[in-house]
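Peer 1: Note that the protein sequences, when read in sequence, are chains A and B. Numbering-wise (our numbering), the first sequence opens with residue 1078 and increments by one. Numbering-wise (our numbering), the second sequence opens with residue 654 and increments by one.
Any given hint could be a false lead.
To be verified - Short, incomplete list of chain A residues facing chain B, as computed with Cβ under 7 Å:
1. I1128
2. I1129
3. E1130
4. D1161
5. A1164
6. T1168
Derived by calculation from the structure, the hints in this document are not laboratory data. The beta carbon of each residue, even a glycine, is placed where N, CA and C say it ideally should be.
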Amino acid sequence: MKNKRFTLTSLLLTFMLSITAKAEVVMITSYQTDITDIDARIVSRLYTGKIIEINGVSVIPINQDPSNPLRTRFLQKYLSQNEDKYAAYWTVRRFIGKGTPPKEFLSVSAAIDFIIDTPGAIGYIDNNLLTLPKDIKVINTQ
Amino acid sequence: MSKKSLHYYQGMITIILMSSFFIPSAKAEITYDFSGFGTLGYAISDQSFHYAQHIDNEGSFAKDSLIAGQLDIKFNPKFSATIQAKLAADNSQENGVKPSLTWAFLSYRPNNDWLIRIGQLQVPGYLNSVNRDLGISYDYARLPYEFDSVSPIYNFIGASINKTFILADSEIIVDAYAGKTKANYRYYIGEDIEGFADKGADYYKVDTDVIGASITYKTSDNIYLAGLHRAKIEKSNGSSWDANVGYSELIPGSGIGYYNTDEGSGTLTVGSFDLYIVNIGADIYLGDGVRLATELAVRNSDDLQTGLNSISGYVSLKKKINNWTPYIFYSQIKTNSADLKKHSQIDNNQVPDFIPSSDSINASQHVIADSFEAYDQFSIAIGTSYQFTPVNVLKAELMMVQVNKSSSLFDIPSGKASKDYSTTVFSISYSFAF
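So here's chain A without its partners, still in its complex pose (with noise of 0.2 Å):
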């Protein structure tokens, strides 16, 4: 019996470990925003504000607040930086007058609610978000 047990709850840890192994950042937008694919240097470019549009379509980058442990994987994943290295880039941009850091949300849902709303904007999720709304589109990262 207490060989099942352990098997059970070994067999369990590694599914959950196996789920959080896969766990991956993703961009997303709506349907109403004609993005199909990204590289991941245009994210880059597009959260440092070196661009404003993707193959013509204009663009809002949506971010996380700091505080989102998201944004930090986000962050290593697209961009190879940490936040304070994030945020003292888009200090310096901001007093040198090349503009504002992307818009951020507390959330993922409110971030998602924002993107619904909003043609041309993108955000980002964990991939292993189980209900990803149907107006929300995941974007073919390359």
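Following the hints, position chain B against chain A.
Peer 2: Using the frame of chain A, we list chain B on its own:
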């Protein structure tokens, strides 16, 4: 602040705020962002005379301290506006503080590559010209002054166009700008001559038209740039500039005479003069946390024979070690040899005592030399910054400045003491942003 300045600032801010009624904001709402930054900086030297207007052995917060606030308005991804105002030492007089606008512009970005800005802007094209006030953006306690003093103005009202060419792992940015501004041009007279000149600092109010362009090549680690700038400068009161300094012989054939700008002395005048600046710069990552930065500028006017015709530059090395970034730099400015020689000839010219009013004539030579200006100095600095966070930085620096033949960056009395001297400056500052 004068009423005229107040009206100007009110007008500029009103235009920008009113523009929100006319610029389409589509579905996304207009966003307003408030932010600010500042520096509390103290500098003290071992000399009683001023360096860079404010620094002497009594110590001063005036040179490096400032506080600034900024409002960013985003109408939509393509249209935005920025207003940045600062409170800092008043550059139109010796003491006091003065509020001023650093940025106040409307920005239009039609696509990824183009950026058009209209309003109050800062001169681009140098490594630190658009972030001079932003202490958290560089590690030096103060930008190398020999180089930072090269541009006659850093703000103007006008327009700029910026085109970015995005390459695989790098980008090329071309900036072009044009505009005008009113500025105060400070000079120092090191001797009193009754009825002719007063010892001390004084200011020309000048109207300046600027135009320029620069090209910048950026990789993920390095920056290389080159720029060409022209400033057309005229006195606001309409009076002329002396294009050169004439010479009048007192006893023909004796070699005894004096330099002056009187009619008949050979002095020519011009209503305005063009000052050209050509500059190059690089900021290069050498690996292992070490960066090398260097800039060089040649400043020249064909319209004036003056010490402003000069070459200046600096080279710095810094290494990031966790939160610390120790650095050293060498910085130099030197007037062209022909103009430096002319300055020495004027400054050293003395008539014998038997000449009537010889004292006044001899003193006038120093005054004319001071007006002619000359730059022949270098500085070596060692310092460090300590970053508590990216927006909280403490800096300390020890700098030795050596003047050779003369330097108009110092307020020093005329005479032998105005040559071949050195000063040590200690600076400490805390910069922040919020």
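Peer 1: Run every hint past the structure and note whether it holds.
Peer 2: To see whether the hints hold, each was checked on the structure:
The interface hint given for I1128(A) holds, since its Cβ lies 4 Å from the closest Cβ of chain B, which is under the 7 Å cut-off. Taking 7 Å as the C-beta contact cut-off toward chain B, the hint placing I1129(A) at the interface holds, the least distance being around 5 Å. Nearest Cβ of chain B to the Cβ of E1130(A): about 6 Å, under the 7 Å cut. The hint holds. Taking 7 Å as the C-beta contact cut-off toward chain B, the hint placing D1161(A) at the interface holds, the least distance being around 5 Å.
Of the supplied interface hints, the one on A1164(A) holds, with its beta-carbon coming within about 6 Å of a beta-carbon of chain B, less than 7 Å. A least Cβ separation of about 5 Å between T1168(A) and chain B falls short of the 7 Å threshold, and the interface hint therefore holds.
Consistency with the previously given hints is maintained throughout, with no hint failing.
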